[in-house]
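Build the complex: two chains, separate frames, hints provided.
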Amino acid sequence: MTSTAPHTPHDPPPGTSAEPAAVALTDVHKTYGTTRAVDGVSLTVGRGEFFGLLGPNGAGKTTLVEIMEGQRRADSGTVTVLGESPWPRNTALLPRLGVQTQSSAFFVRLTAREHLVTMAALYRCDAAAAERALASVGLTEQGATRVDDLSGGQRQRLAIASALVHDPELIFLDEPTAALDPQARRSLWQVLRDLKGAGRTIVYTTHHLDEAEALCDRVAIMVDGKVAALDSPGRLIAASSPTTRLLVPADRLTADRARAIPGVDRVTEEGGSIVLETLASGQVLAAVDEIAGLQGVQTRTASLEDVYLALTGTGTPQP
Amino acid sequence: MSAYTALSQAGYRAYTRDRTTLFFTFAFPLIFLVVFGLIFHGQTVEESGKPYINYIAPGVLSWGVGNAAVFGVGFVLMQWRRDDILRLIRMTPTPVSAVLASRYVLALAIGAVQAVLFVAVALLPSFGLQLDGRWPLALPVLVLGITAFLALGVIVGSYAKTPEAVAAVANCLMIPMAFLSGSFFPLDAMPQWMQSLSRVLPLRYLNDGVSGALTGGGTLTDIGVACAVLAGFALVLGAVALKTFRWSDKT
Numbered sequence: 001m002t003s004t005a006p007h008t009p010h011d012p013p014p015g016t017s018a019e020p021a022a023v024a025l026t027d028v029h030k031t032y033g034t035t036r037a038v039d040g041v042s043l044t045v046g047r048g049e050f051f052g053l054l055g056p057n058g059a060g061k062t063t064l065v066e067i068m069e070g071q072r073r074a075d076s077g078t079v080t081v082l083g084e085s086p087w088p089r090n091t092a093l094l095p096r097l098g099v100q101t102q103s104s105a106f107f108v109r110l111t112a113r114e115h116l117v118t119m120a121a122l123y124r125c126d127a128a129a130a131e132r133a134l135a136s137v138g139l140t141e142q143g144a145t146r147v148d149d150l151s152g153g154q155r156q157r158l159a160i161a162s163a164l165v166h167d168p169e170l171i172f173l174d175e176p177t178a179a180l181d182p183q184a185r186r187s188l189w190q191v192l193r194d195l196k197g198a199g200r201t202i203v204y205t206t207h208h209l210d211e212a213e214a215l216c217d218r219v220a221i222m223v224d225g226k227v228a229a230l231d232s233p234g235r236l237i238a239a240s241s242p243t244t245r246l247l248v249p250a251d252r253l254t255a256d257r258a259r260a261i262p263g264v265d266r267v268t269e270e271g272g273s274i275v276l277e278t279l280a281s282g283q284v285l286a287a288v289d290e291i292a293g294l295q296g297v298q299t300r301t302a303s304l305e306d307v308y309l310a311l312t313g314t315g316t317p318q319p
Numbered sequence: 320m321s322a323y324t325a326l327s328q329a330g331y332r333a334y335t336r337d338r339t340t341l342f343f344t345f346a347f348p349l350i351f352l353v354v355f356g357l358i359f360h361g362q363t364v365e366e367s368g369k370p371y372i373n374y375i376a377p378g379v380l381s382w383g384v385g386n387a388a389v390f391g392v393g394f395v396l397m398q399w400r401r402d403d404i405l406r407l408i409r410m411t412p413t414p415v416s417a418v419l420a421s422r423y424v425l426a427l428a429i430g431a432v433q434a435v436l437f438v439a440v441a442l443l444p445s446f447g448l449q450l451d452g453r454w455p456l457a458l459p460v461l462v463l464g465i466t467a468f469l470a471l472g473v474i475v476g477s478y479a480k481t482p483e484a485v486a487a488v489a490n491c492l493m494i495p496m497a498f499l500s501g502s503f504f505p506l507d508a509m510p511q512w513m514q515s516l517s518r519v520l521p522l523r524y525l526n527d528g529v530s531g532a533l534t535g536g537g538t539l540t541d542i543g544v545a546c547a548v549l550a551g552f553a554l555v556l557g558a559v560a561l562k563t564f565r566w567s568d569k570t
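As given, the protein sequences belong to chains Y and C, one line each in that order.
Each residue of the first sequence is one higher than the last, beginning at 1 in the numbering used here.
Each residue of the second sequence is one higher than the last, beginning at 320 in the numbering used here.
Chain C extracted, bound-state conformation (with noise of 0.2 Å):
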């Protein structure tokens, strides 16, 4: 067995034992599907035409990925260099590579396991959402947005040195970062400066790619541009991440 698989076989051991975090990993996102699809129920977006859930639901999924994938690194991280468990594995001739490879795979299931769930649940009748034909290239866009959620996750959990810490830079990250990107209102029904200011941000292109691909919103070209945008933020964003790792708090 190698060191990339024996970490993957951990992490999964780890993660679906923990039942109440695996519960909420897979419910919050759906939690908020409820609550907005109930808010917006039937209305549609006055700029645009469009029902709300065509909105919302790609939204919510997007940054309920994303979200997953920040936290889920940055406590697993964090965590390891407290207890020393980076120590034990530094102390191996296991490359940093190996490590968070494992944890780069678990990341992209527990996406899969979310998106297949929280699809499910938005099709049915009392949300609405259809699904457009091109649907298929969501998985692209949604592997780049994980990519990047990840390696801004890695670097949180190598700066954090406590759970407060972790959760408190994240959701400082995440939930301005989920507004400002239009994963829970229409950027269509925002002002023109928000609109321009999502622009750098990786949700805004997460969001983009995966309304364009589950609700055949945009062109394809939108896609394309959303994967490459995605891809740059996951290029650099890793780039930081790989430098700012670090085994230990120790010097």
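Isolated chain Y, as found in the complex (with noise of 0.2 Å):
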């Protein structure tokens, strides 16, 4: 799997220009105790690039991502955001950066807008700011709701607000759908689109393969606190297995006569449905439309969730 070993520094990311890129990490290293959490990494996310961190937990994501937000410092290894170091605390920096914190991150007692106002003035902006900021996640009118009092969704919304409410440049987002419905979720798919599209740089954290598969220009998948695949989903799981599964109702093929159509290599029984694995997709379809008719017949290729599952190793993906 070449194409899928992990980029050196020197890998062109998209988006490059003549400014820095927006993180620059070259052979990056944080161990506690004897657990190292990361492990030697190096990657480079250009200006404008919807950048995804997937990976189980433990991987070593959230420390990797504190490193880049300054919260942490690497062991060794040099760490570039925006041309700058993150560490020490770099109040310079520090306004170019938005950081999605945990849901629970509100000061207490106060409303939705009310919170927001002070996170804008902690970043100097105005009140309109803060306006904007909960309009573009949907709650302006929850905006006279006690943050205590907003559920789960809206929390999560509200923390996404907080981390854009000054304009950042580059944005690090950790699980922003995770307490989100359909509708929520969908919806902010559409304002991180707006972000890349008003040309933010966008960090990534989730577990939400689709997700990532549907939003991020390039991923990263880590693995025991190293980078085990780095490129566009596209690239990721057109180099991963070259397996087409065709899924016939079960009434209308057996699993015998399944086995003798040439080019079928693997014949498999799942809930009302004959599973056909292939390399040859388009000669077993013309074989089972003279069988079966193609009516009802499902194809499925392979999806990120199955490069990220070879990958990691782990069956099915952490929660």
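None of these hints come from the bench; they were simulated from the model.
Any given hint could turn out to be false.
[Unchecked claim] Simulated DEER-style distance windows between Cβ atoms:
1. Ala486(C) to Arg73(Y): 56 to 62 Å
2. Ser567(C) to Pro249(Y): 52 to 58 Å
3. Glu269(Y) to Ser567(C): 23 to 29 Å
4. Ser232(Y) to Arg401(C): 38 to 44 Å
C-beta: ideal position from N, C-alpha, C; glycine also.
Written as structure tokens, this is what we have:
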């Protein structure tokens, strides 16, 4: 799988221009006791890029992001964010970064609007900026609600608004859709796409592989503190298993007949369907059409999830 | 709006919207005043011939103001760190000084309201405190005292990781200190060693200063000494507080 090997910092990421990269990491290490949380990570995030960071729990994603944000110091390696060093606390750099913290991090007993006005003031922005941020995540109507009385999804959106209030160049989002219902999730996708459209750079940590596939220009998959793969979702998928799975309703085709079709590598039965795995999908589809007709037949190719599972070797994605 | 103004406003709102804490911050010293006032009603201290209320009122007021400063900032800092609010502030260009200054102005305001309310009750005939003409000198004493105890609270809040720890550490400091500094019982009626020991405690000087200003005991120099020592405590504890302040429990 050579094409998914970790990039060296010399690989040009998309969107590179004359200005320094949004994030440039070279051989970054961070150890806690005997645990190597981050073990030699090198990567570059270009300006305007939507960059996904995936990996199982404990893979070192959070530590890596916190190092980029300047909340933790790398043990070794170089870290450059928008051309500057984020550590020690760099108050010139901070207004250019937007960081979504946990959903519990709100000023106590304030309303959503008061919280955002406070956040805006901390970034030396006016109340109008707070109102814009509130509207951008669809919380204008909840502006007068106390933060403690917001629902899980509303709190999550308020946390995102807190990261956007000062119009930052580089935005770090951590599982931003975790507590959202499908509608809210899609509307947030739109907010994020608009941000990217406005030229913002986004570093996105997520467990939702469909989301990474839909939104990210490139993703890095971390395993045990190392970058196991780094490329666009499309290229990662193309480079992984080329097998196509055909699902045929079980009442129309028997397993034995399926096995007899030339080009079928493997046949299994799954929940009312006969599943045919093949490298020659066109040929097999034509044969299935002749035997059973194509109505109700589904075709599945590899997804980012398959790539992820193959790399992380976990069988099922961790919640 | 500056970061300092925004944080002060957020702190003020959080404070005034928490009715229970608000009530007890002001009621707590008054309860002690009532209890001690009833116990020692009409009695005088044998060693000095002064009425008990002259000791108890300034003593309980000093303790109440100091206690509120330590607990207030201690709880808030612990909570803000635990709930990632400090991390949130840390990711903005806001300096530590704005965070601490906003807590300082709140502590001063709380102390001022506490003092006015407390003295007003103590002046009631049933308690019988009589204000001396130099009572305004209590203001600088209280300001310096609140500064010193706020710094102590910052240190407590920086080390403690749970509300239980804040309460345990702050109580452990403030309750013995109240007895050893003569807040609840007149130092004049205590053994000599205890009077000597009290000289290393900031509350002793807050008591002395407030007592000297409100009841006219001692000389103006005594109040000056109290102020100077409290300023010294504020400076040293403030330096330690700045040194130990942590944005987060992470390394």
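Status of each hint after checking the structure:
1. Ala486(C) to Arg73(Y): 56 to 62 Å: Distance hint for Ala486(C), Arg73(Y) is violated at roughly 33 Å.
2. Ser567(C) to Pro249(Y): 52 to 58 Å: About 56 Å separates the Cβ atoms of Ser567(C) and Pro249(Y), which means 52 to 58 Å holds.
3. Glu269(Y) to Ser567(C): 23 to 29 Å: violated (53 Å)
4. Ser232(Y) to Arg401(C): 38 to 44 Å: holds (40 Å)
The structure fails to meet hints 1 and 3 from the earlier list, while all remaining hints are met.
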